[in-house]
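*Asks:* Each chain is listed here by its residues.
There are 2 protein chains.
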Amino acid sequence: MKIITINREYGAGGHTIGRAVAEELGVPLYDQDIIAATAAEMHLDVSQVENSEEEISRTENIMRHITPISYEFKDYLFEAQKKVILDLAGKGPCVIIGRCADIILRDAGIDALHVFLYADQAHRAAWVSRHLHTDDTAEIRKYMKKQEKARKAYYEVYTDHHFGDRHNYDLMLDSGRLGYDTCGKLILTLARA
Amino acid sequence: MKIITINREYGAGGHTIGRAVAEELGVPLYDQDIIAATAAEMHLDVSQVENSEEEISRTENIMRHITPISYEFKDYLFEAQKKVILDLAGKGPCVIIGRCADIILRDAGIDALHVFLYADQAHRAAWVSRHLHTDDTAEIRKYMKKQEKARKAYYEVYTDHHFGDRHNYDLMLDSGRLGYDTCGKLILTLARA
Numbered sequence: 001m002k003i004i005t006i007n008r009e010y011g012a013g014g015h016t017i018g019r020a021v022a023e024e025l026g027v028p029l030y031d032q033d034i035i036a037a038t039a040a041e042m043h044l045d046v047s048q049v050e051n052s053e054e055e056i057s058r059t060e061n062i063m064r065h066i067t068p069i070s071y072e073f074k075d076y077l078f079e080a081q082k083k084v085i086l087d088l089a090g091k092g093p094c095v096i097i098g099r100c101a102d103i104i105l106r107d108a109g110i111d112a113l114h115v116f117l118y119a120d121q122a123h124r125a126a127w128v129s130r131h132l133h134t135d136d137t138a139e140i141r142k143y144m145k146k147q148e149k150a151r152k153a154y155y156e157v158y159t160d161h162h163f164g165d166r167h168n169y170d171l172m173l174d175s176g177r178l179g180y181d182t183c184g185k186l187i188l189t190l191a192r193a
Numbered sequence: 001m002k003i004i005t006i007n008r009e010y011g012a013g014g015h016t017i018g019r020a021v022a023e024e025l026g027v028p029l030y031d032q033d034i035i036a037a038t039a040a041e042m043h044l045d046v047s048q049v050e051n052s053e054e055e056i057s058r059t060e061n062i063m064r065h066i067t068p069i070s071y072e073f074k075d076y077l078f079e080a081q082k083k084v085i086l087d088l089a090g091k092g093p094c095v096i097i098g099r100c101a102d103i104i105l106r107d108a109g110i111d112a113l114h115v116f117l118y119a120d121q122a123h124r125a126a127w128v129s130r131h132l133h134t135d136d137t138a139e140i141r142k143y144m145k146k147q148e149k150a151r152k153a154y155y156e157v158y159t160d161h162h163f164g165d166r167h168n169y170d171l172m173l174d175s176g177r178l179g180y181d182t183c184g185k186l187i188l189t190l191a192r193a
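If you're matching them up, the sequences are chains V and U in order.
Position one of the first sequence corresponds to residue 1 (my numbering), numbered consecutively onward.
Position one of the second sequence corresponds to residue 1 (my numbering), numbered consecutively onward.
Please note that the accuracy of each hint is not assured.
[To be verified] Simulated DEER-style distance windows between Cβ atoms: (1) U:Leu44 with V:Lys146: 51 to 59 Å; (2) U:Glu79 with V:Ala108: 29 to 37 Å; (3) U:His161 with V:Gln32: 52 to 60 Å; (4) V:Asp107 with U:Gln48: 44 to 52 Å; (5) U:Ala108 with V:Asp181: 23 to 31 Å; (6) U:Gln32 with V:Asp136: 35 to 43 Å; (7) U:Glu79 with V:His161: 37 to 45 Å; (8) U:Thr137 with V:Glu139: 51 to 59 Å; (9) V:His161 with U:Glu72: 36 to 44 Å; (10) U:Met1 with V:Thr189: 16 to 24 Å; (11) V:Asp87 with U:Gly90: 39 to 47 Å; (12) V:His162 with U:His65: 22 to 30 Å; (13) U:Gln121 with V:Asp111: 48 to 56 Å; (14) V:Asp107 with U:Thr189: 29 to 37 Å.
[Said to hold, decoys possible] No farther apart than 30 Å at their CA atoms in a straight line, the calculated lysine-lysine pairs in the DSS-like style are these: (15) V:Lys185 with V:Lys74; (16) U:Lys74 with V:Lys2; (17) V:Lys145 with U:Lys185; (18) U:Lys152 with V:Lys149; (19) V:Lys185 with U:Lys185; (20) U:Lys145 with V:Lys152; (21) U:Lys152 with U:Lys185; (22) V:Lys149 with U:Lys149; (23) U:Lys82 with U:Lys2; (24) V:Lys152 with U:Lys149; (25) V:Lys91 with V:Lys152; (26) V:Lys185 with V:Lys91; (27) U:Lys152 with V:Lys152; (28) V:Lys83 with V:Lys146; (29) V:Lys185 with U:Lys83; (30) V:Lys2 with V:Lys91.
Derived from the structure by calculation, the hints contain no laboratory data.
The structure displayed is predicted, hence computed values, not measured ones.
For glycine and all other residues, C-beta sits at the position ideal for the given N, C-alpha and C.
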């Protein structure tokens, strides 16, 4: 059985699908847990790590090009997180959600099944609506756009790859059209092959 | 059972995988056949259609921006091919390879399972090497690059979508990493669902 990495668009159900796959395989799911482990690694409070989680804001992205020196904390955080991910992967089969685990494992020569999940705007907006407990379309749109951009920037700053580049994944699934269950089943088929 | 469209990078095994899926499902595979049907539709010789098949050269692409008027024949050809694809889709379940069938069917409101196949440079080069009966790396590289660009340009000129945009597909598979057989099996699972 293999390690599975799941990268995903915001609102495409990555956590839900990843948890179902991990439960079915009886292997650990690493998602939010990585934050706590990273905090421990750096002797920091979880809240200090959570605030800089898998996001790079537009302002920060621009500032990085002007004053690269001012983002050292975030970069140390990434390195600590990378160490945590490699440690976890070293323990055996698991499912890791996001956090550039695809490129981190590949660069370290660790074999894994790399999955990318996406969905159209409407499906992802429905997820965000449930997540934020709001039906305000403008609010949902604005929030999604911000999250999408921040996640994309984080990935691209730390991996030097384009976010969602198909050549980094064994398979890419539209969780909106196929449904979460079908996505989970397809991943399981490959994980067990 | 659904209509299946397969779009693909050059050398990613689209035809082979598509044929296996069609045989397994007992439905027709439309690939080169579309050329003959299009020729008949336009009362042309097959050779006249074959030469303008699913490719737009670099020169043509540049010229199109300068003198759009000079490519009318090719555009008529595309319209005839579109009609052929819609006629074939109207007959029932089938597998259609390339030729912008994904967008043609979607724009016509016809439901289908849309698949995109890709593979890394090395896997595709191995396919091209067998296809051209040569081991000359430079020749293979040059040929691939030309084919890739021509196919991409054709798709983008006629559909107004980016070639390989994940949001146009239900699933995208790395046929190099997963293998042709596994890709076929995953497509069959979805086609039968």
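*Asks:* Take the hints in turn and mark each one as holding or not.
*Replies:* Hint-by-hint comparison with the structure:
1. U:Leu44 with V:Lys146: 51 to 59 Å: This hint holds: roughly 53 Å between Cβ atoms.
2. U:Glu79 with V:Ala108: 29 to 37 Å: With Cβ atoms ~51 Å apart, the hint is violated.
3. U:His161 with V:Gln32: 52 to 60 Å: violated, 36 Å
4. V:Asp107 with U:Gln48: 44 to 52 Å: holds, 50 Å
5. U:Ala108 with V:Asp181: 23 to 31 Å: Hint holds: Cβ distance 29 Å, inside 23 to 31 Å.
6. U:Gln32 with V:Asp136: 35 to 43 Å: violated, 52 Å
7. U:Glu79 with V:His161: 37 to 45 Å: holds, 39 Å
8. U:Thr137 with V:Glu139: 51 to 59 Å: holds, 54 Å
9. V:His161 with U:Glu72: 36 to 44 Å: For histidine 161 of chain V and glutamate 72 of chain U the Cβ distance comes to about 41 Å; the hint holds.
10. U:Met1 with V:Thr189: 16 to 24 Å: Holds: the Cβ-Cβ distance is about 20 Å, inside 16 to 24 Å.
11. V:Asp87 with U:Gly90: 39 to 47 Å: violated, 57 Å
12. V:His162 with U:His65: 22 to 30 Å: Cβ of histidine 162 of chain V to Cβ of histidine 65 of chain U: about 26 Å, so the range 22 to 30 Å holds.
13. U:Gln121 with V:Asp111: 48 to 56 Å: violated, 19 Å
14. V:Asp107 with U:Thr189: 29 to 37 Å: Distance hint for aspartate 107 of chain V, threonine 189 of chain U holds at roughly 32 Å.
15. V:Lys185 with V:Lys74: Judged against 30 Å, a Cα distance of about 36 Å means the pair is violated.
16. U:Lys74 with V:Lys2: violated, 48 Å
17. V:Lys145 with U:Lys185: violated, 36 Å
18. U:Lys152 with V:Lys149: holds, 26 Å
19. V:Lys185 with U:Lys185: Distance ~13 Å between lysine 185 of chain V and lysine 185 of chain U Cα, so the pair holds.
20. U:Lys145 with V:Lys152: holds, 28 Å
21. U:Lys152 with U:Lys185: holds, 27 Å
22. V:Lys149 with U:Lys149: The given pair, whose Cα atoms are some 29 Å apart, holds under the 30 Å limit.
23. U:Lys82 with U:Lys2: holds, 19 Å
24. V:Lys152 with U:Lys149: Holds: lysine 152 of chain V and lysine 149 of chain U sit about 26 Å apart, inside 30 Å.
25. V:Lys91 with V:Lys152: holds, 28 Å
26. V:Lys185 with V:Lys91: Holds. Lysine 185 of chain V to lysine 91 of chain V sits at ~24 Å (cutoff 30 Å).
27. U:Lys152 with V:Lys152: It holds: about 25 Å lies between the C-alpha atoms, which stays within 30 Å.
28. V:Lys83 with V:Lys146: holds, 28 Å
29. V:Lys185 with U:Lys83: violated, 36 Å
30. V:Lys2 with V:Lys91: Roughly 12 Å separates the two Cα atoms, so the pair holds.
The earlier numbered hints that this structure contradicts are 2, 3, 6, 11, 13, 15, 16, 17, 29.
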